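So the protein lines, in turn, are chains Y, R, A and U. To get our numbering, take the position in the first sequence, counting from 1, and add 39. To get our numbering, take the position in the second sequence, counting from 1, and add 39. To get our numbering, take the position in the third sequence, counting from 1, and add 39. To get our numbering, take the position in the fourth sequence, counting from 1, and add 39.
These are calculated hints, taken from the structure and not from any lab test. As the structure is a prediction and not an experimental result, all values here were calculated from the model. Keep in mind that a hint or two might mislead.
Intra- or inter-copy, both count: the list cannot distinguish identical chains.
As a list, the in silico DSS-like pairs of lysine-lysine whose alpha-carbon atoms are at most 25 Å apart [as the list claims (entries may be wrong)]: (1) 100 to 74; (2) 374 to 74; (3) 59 to 344; (4) 59 to 74.
Number of protein chains: 4
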Amino acid sequence: MVVVMLPQASEEQIAEVDAKLIAMGCRTQVIHGVKRTVVAAMGDRRAVEAMGLEAMPGVEKVVPIMKPFKLASREVKEENSVVSIKNVTIGGNEVAIVAGPCAVEGREQLLEAARIAKAAGAKLLRGGAFKPRTSPYSFQGMEEEGLKLLAEAAETTGLVTVTEVIDEHSLEIARDYVDILQIGTRNMQNFRLLKAAGMSGKPIVLKRGLSATIEEWLMAAEYIMSEGNKDVILCERGIRTFETYTRNTLDLSAVPLVKGLSHLPVIVDPSHATGKRELVVPMSLASVAAGADGLLVEMHPDPSKALCDGPQSLDPELFGQLMASLEPVAAAMGKTIH
Amino acid sequence: MVVVMLPQASEEQIAEVDAKLIAMGCRTQVIHGVKRTVVAAMGDRRAVEAMGLEAMPGVEKVVPIMKPFKLASREVKEENSVVSIKNVTIGGNEVAIVAGPCAVEGREQLLEAARIAKAAGAKLLRGGAFKPRTSPYSFQGMEEEGLKLLAEAAETTGLVTVTEVIDEHSLEIARDYVDILQIGTRNMQNFRLLKAAGMSGKPIVLKRGLSATIEEWLMAAEYIMSEGNKDVILCERGIRTFETYTRNTLDLSAVPLVKGLSHLPVIVDPSHATGKRELVVPMSLASVAAGADGLLVEMHPDPSKALCDGPQSLDPELFGQLMASLEPVAAAMGKTIH
Amino acid sequence: MVVVMLPQASEEQIAEVDAKLIAMGCRTQVIHGVKRTVVAAMGDRRAVEAMGLEAMPGVEKVVPIMKPFKLASREVKEENSVVSIKNVTIGGNEVAIVAGPCAVEGREQLLEAARIAKAAGAKLLRGGAFKPRTSPYSFQGMEEEGLKLLAEAAETTGLVTVTEVIDEHSLEIARDYVDILQIGTRNMQNFRLLKAAGMSGKPIVLKRGLSATIEEWLMAAEYIMSEGNKDVILCERGIRTFETYTRNTLDLSAVPLVKGLSHLPVIVDPSHATGKRELVVPMSLASVAAGADGLLVEMHPDPSKALCDGPQSLDPELFGQLMASLEPVAAAMGKTIH
Amino acid sequence: MVVVMLPQASEEQIAEVDAKLIAMGCRTQVIHGVKRTVVAAMGDRRAVEAMGLEAMPGVEKVVPIMKPFKLASREVKEENSVVSIKNVTIGGNEVAIVAGPCAVEGREQLLEAARIAKAAGAKLLRGGAFKPRTSPYSFQGMEEEGLKLLAEAAETTGLVTVTEVIDEHSLEIARDYVDILQIGTRNMQNFRLLKAAGMSGKPIVLKRGLSATIEEWLMAAEYIMSEGNKDVILCERGIRTFETYTRNTLDLSAVPLVKGLSHLPVIVDPSHATGKRELVVPMSLASVAAGADGLLVEMHPDPSKALCDGPQSLDPELFGQLMASLEPVAAAMGKTIH
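Generate the whole structure from the sequences, applying the supplied hints.
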């Protein structure tokens with residue numbers, strides 16, 4: 040941590056900052072330049088951040104040196120984390136494919152989607168039972184009925200299931216029916232939910248917030264991990280930018296970047312990121328080439344009848360083409376799909 | 040709603056889209072251009088949006104014409120809404136000043152802040168008891184103890200109190216202690232919380248999400264209002280952009296824009312928007328000149344000891360200067376501060 | 040400048056960085072922390088930036104401490120700069136109003152606009168003769184014919200004229216006809232043009248780039264000033280964000296922020312920033328309340344016939360209302376309009 | 040084009056809009072809804088855009104239906120455009136690799152870079168002679184001396200050369216020395232330069248502006264093409280967003296998106312997009328998997344001595360690894376590198 044003093048800061052103000060840092064257990068050095076003095080401090084960033092140094096008289100700004108996340112950091116754990124559940128691993132040598140409809144809409148629709156996913160080689164099934172919708176007038180999900188259908192689909196097909204939870208209540212219910220819980224983009228900084236996820240005993244897919252920095256995203260993972268849950272799977276799903284041709288802007292550089300900063304697995308959701316069916320296949324291939332550990336893809340037996348996200352959902356035929364085209368790219372990366 | 044067909048769309052596909060719209064109760068017109076056909080439909084946007092038209096074969100895009108919010112819209116209610124609570128009105132001829140610390144830190148700190156706020160002419164007191172913090176290692180708030188102190192401060196000074204709630208649980212507790220509940224920027228699309236706020240029987244300050252569009256913000260208000268709560272106060276608090284000199288970018292144009300689209304009162308939080316104490320006074324003046332119905336300002340008896348947001352908190356002296364400089368600007372706008 | 044070394048950096052790599060900094064004339068201190076070593080250096084930032092330290096082995100990142108601009112900085116010149124031209128000052132006690140059409144379209148249109156501007160109390164006239172247009176098929180401006188009309192309008196009314204130049208060629212021509220040259224948002228980093236503006240002998244209005252940071256904007260001013268031209272007027276005109284209800288997002292906090300960092304005058308263009316006529320008046324008032332030294336406002340005798348930017352142009356009546364409503368706000372700020 | 044009228048628009052105002060559209064040669068239909076009337080018009084978008092409809096009384100907004108670009112559009116030319124120069128094609132079955140230093144710094148440096156590029160299998164050499172730099176105090180390029188070195192390198196190695204031009208003057212000089220001219224991100228809307236490029240007789244690499252939408256980028260290509268130059272190569276190089284861990288945010292979805300909208304070849308610059316050497320290899324692989332027609336990669340014989348962009352430049356060893364790892368990914372996409 041480097042505390043930059045204002046040009047007009049007095050010697051007394053500099054001494055006060057220095058003393059406060061020393062009192063917190065930091066080793067400090069005061070460096071006098073021609074125009075400005077800086078106080079460099081080595082110590083626990085988190086303790087120092089709580090000190091309110093920036094509000095002290097004479098301080099211009101505080102520049103952090105260390106990263107704020109710890110448990111999620113590769114500096115703390117060097118080797119890749121691999122999440123294992125049933126016959127599936129995420130973060131290892133296999134590219135994990137999670138496929139299924141935006142929302143569970145009914146028994147026939149979900150079981151059909153599960154059959155298609157399995158036939159094409161996917162090992163995980165997604166389906167939303169609690170839907171956070173922008174409009175109060177839109178379909179809000181089948182709730183527990185939807186979860187029961189997911190459990191039935193899992194039993195029938197052997198697929199591992201993923202569903203979004205939107206508060207502590209829905210998390211409590213979903214725990215009993217599905218294998219992996221997902222925290223959506225709008226809840227990435229719902230800190231109560233993150234803590235509950237940390238105590239859930241289930242692997243968590245943590246989507247990046249719509250305008251979350253890499254650091255905030257890893258801090259959200261830190262919330263979950265600090266409650267004892269190490270099975271966090273990060274999911275890049277596009278950020279909000281000025282570009283409106285796509286629903287969001289897929290920040291694919293985040294994949295190798297986060298894999299450098301953290302040991303956690305990173306998957307990509309090209310469906311929400313782009314919002315356009317015709318971009319899902321190329322961006323899926325690109326994700327795997329960028330080093331992603333898996334994909335979360337919206338697929339519906341009949342997208343034109345979907346209650347949500349139809350325009351970005353693959354139909355069964357396109358999904359089959361996706362799975363076929365992924366194989367050689369995964370192979371080029373030294374990975375497998377199945 | 041205008042459905043734009045692809046250049047290669049067949050007559051059959053056009054007819055299917057048209058038929059689907061008519062079946063939903065829309066009046067339609069099919070317009071054949073040189074390169075493209077469009078189907079124009081007049082009807083209930085919300086019903087049409089649920090139809091999944093964009094996923095139908097032959098459709099290029101769907102362009103909405105009507106706005107998606109209803110209860111929050113000025114088309115539905117022409118005159119300004121005024122929220123009244125105790126001796127305070129928000130949305131009328133008075134500029135409402137809400138002042139106080141980021142977090143309730145203790146009895147002395149809060150009562151002192153309340154005294155300073157009242158002495159300078161503010162009528163509302165803010166103070167956080169449940170703090171959503173980016174880091175799990177930061178101070179998370181005094182919770183119910185903090186709320187009790189807010190209630191004591193209200194009793195002592197007669198100030199109207201505002202506090203943030205972060206989930207249904209904290210909302211249930213806070214209802215018993217404070218006058219106005221605030222939904223923070225990270226929870227603007229926490230739809231469960233919005234619904235609970237709609238049933239709380241308390242006025243709600245609804246902060247704009249960090250990357251929420253105007254439309255999403257008004258849709259969040261619509262969630263609250265659709266549960267029967269008409270007392271929604273919108274609060275602009277800065278959006279996330281590429282600029283890093285300020286904590287966020289205060290989107291002040293949103294004030295007159297939203298007041299044109301909606302009848303709800305709009306206030307501004309210049310403290311979180313800028314993150315810099317020296318910008319709070321000029322941006323407060325600018326907010327009032329832009330037509331804001333009030334201000335939410337962080338003020339701390341001793342900012343250098345604040346447990347959060349010290350750098351952007353006004354000290355008592357600066358707060359007094361703010362109140363003094365606001366008067367002539369409010370007068371120029373035909374409004375009063377007290 | 041603080042050089043943060045990677046955790047695995049060798050003692051040799053640290054020594055090399057230190058030696059390189061010393062060789063550049065910096066005073067350095069090497070600070071060993073538990074996980075990382077940093078090398079703090081006090082010296083000329085510009086020299087150090089050219090050294091490529093970030094590419095040296097063992098270096099994680101380089102954190103600058105000093106600001107990169109010099110001539111534009113308030114640290115170098117404490118008192119406000121005031122640009123004087125004819126009977127007008129910009130940056131002093133008077134709020135400068137520049138009004139006129141987006142484009143010079145013809146003699147009658149421009150002279151009528153000038154008459155309206157003058158009658159309402161404006162002292163400066165704007166009008167574009169070289170128009171940078173997104174589409175090659177749009178109206179590109181009257182070029183030298185337009186400049187002659189500006190000169191005629193100036194002679195007739197006594198107004199001070201402002202026009203945009205888009206390259207060295209148009210700058211050379213415009214110098215002979217108008218009082219103040221403007222560099223537009225798309226050319227803020229056209230460095231050749233900035234240098235030419237620096238040698239033009241004319242005051243320059245420098246608009247902020249669509250996605251320029253405050254620092255890049257001040258560095259563009261530095262380009263002009265480093266060629267000997269001290270008469271730079273900065274103009275905030277909105278930045279590009281995700282919000283689409285307005286044409287751009289007016290970053291009004293930039294006004295007090297830049298006036299803190301720099302001694303240069305700052306004006307605001309609420310017309311391009313918002314793109315909506317009904318927002319121009321409130322944002323003009325807000326700009327003056329935020330401390331702006333002037334306004335650049337689009338006004339057209341008949342906006343529905345304007346060849347560009349009609350939707351954001353004030354008509355004569357609205358312009359009169361703007362001028363009337365500005366007076367009390369300026370007075371509240373201790374300034375005058377006339 | 041759909042003109043949405045305000046709820047309070049009079050019949051007369053609607054008739055005026057309709058009449059104006061008909062006078063421009065449009066076929067129109069007036070559609071009366073419950074709350075609003077819209078006027079749908081089929082005709083030449085460009086003509087209609089110049090009409091200023093949005094400024095007419097009673098008009099709420101104008102919604103365009105057609106895309107504004109023509110020559111660059113795939114609707115006008117269905118098959119892929121392939122740019123051929125010497126023994127190189129861009130846009131066909133081969134992935135074109137352009138490699139070389141940010142700036143030409145001297146004879147030895149450039150010839151060494153050319154040797155390394157050729158040895159590893161690249162067919163094109165980049166090197167900047169005119170450098171647009173944020174600071175007036177940074178190295179501004181070797182200008183014509185640098186171009187001569189590029190020409191020498193081309194003669195020695197047979198590589199095709201690419202260099203950036205920053206104004207009409209530098210374009211005139213560069214034409215005589217290099218094969219392909221590049222227009223940089225800061226000049227994407229320097230319309231004079233675009234027109235000059237259109238008349239240059241050379242293939243043009245057109246980088247996307249820092250905050251340019253897809254549509255603005257294609258309109259910039261339209262400027263070049265409307266002067267008769269069909270050899271435009273689009274280059275995605277990252278856009279500006281709130282994320283600061285990377286220099287920019289590589290918008291890789293733009294590759295398949297633009298290839299759908301346009302017939303022009305699209306290449307990617309992962310070096311400027313990420314600003315970090317360790318992200319260049321994964322994002323190069325991802326680009327090819329997303330369908331890019333080529334890569335523009337910064338490579339320097341000794342990045343720690345580079346005068347610009349050292350931190351993002353590959354050294355010879357990393358560049359060799361990149362070329363080796365690209366082969367299987369290109370093969371998976373049915374393409375070749377050599």
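Tested hints:
1. 100 to 74: Classified as both; 15 Å inside a copy, 23 Å across copies.
2. 374 to 74: Neither. Shortest intra-copy (55 Å) and inter-copy (34 Å) distances fail the 25 Å Cα cut-off.
3. 59 to 344: Classified as between: cross-chain Cα gap 12 Å, same-chain 63 Å, threshold 25 Å.
4. 59 to 74: Cα proximity of residue 59 and residue 74: in one copy and across copies (23 Å, 22 Å).
Checked against the numbered hints listed earlier, the structure breaks hint 2 alone; every other hint is satisfied.
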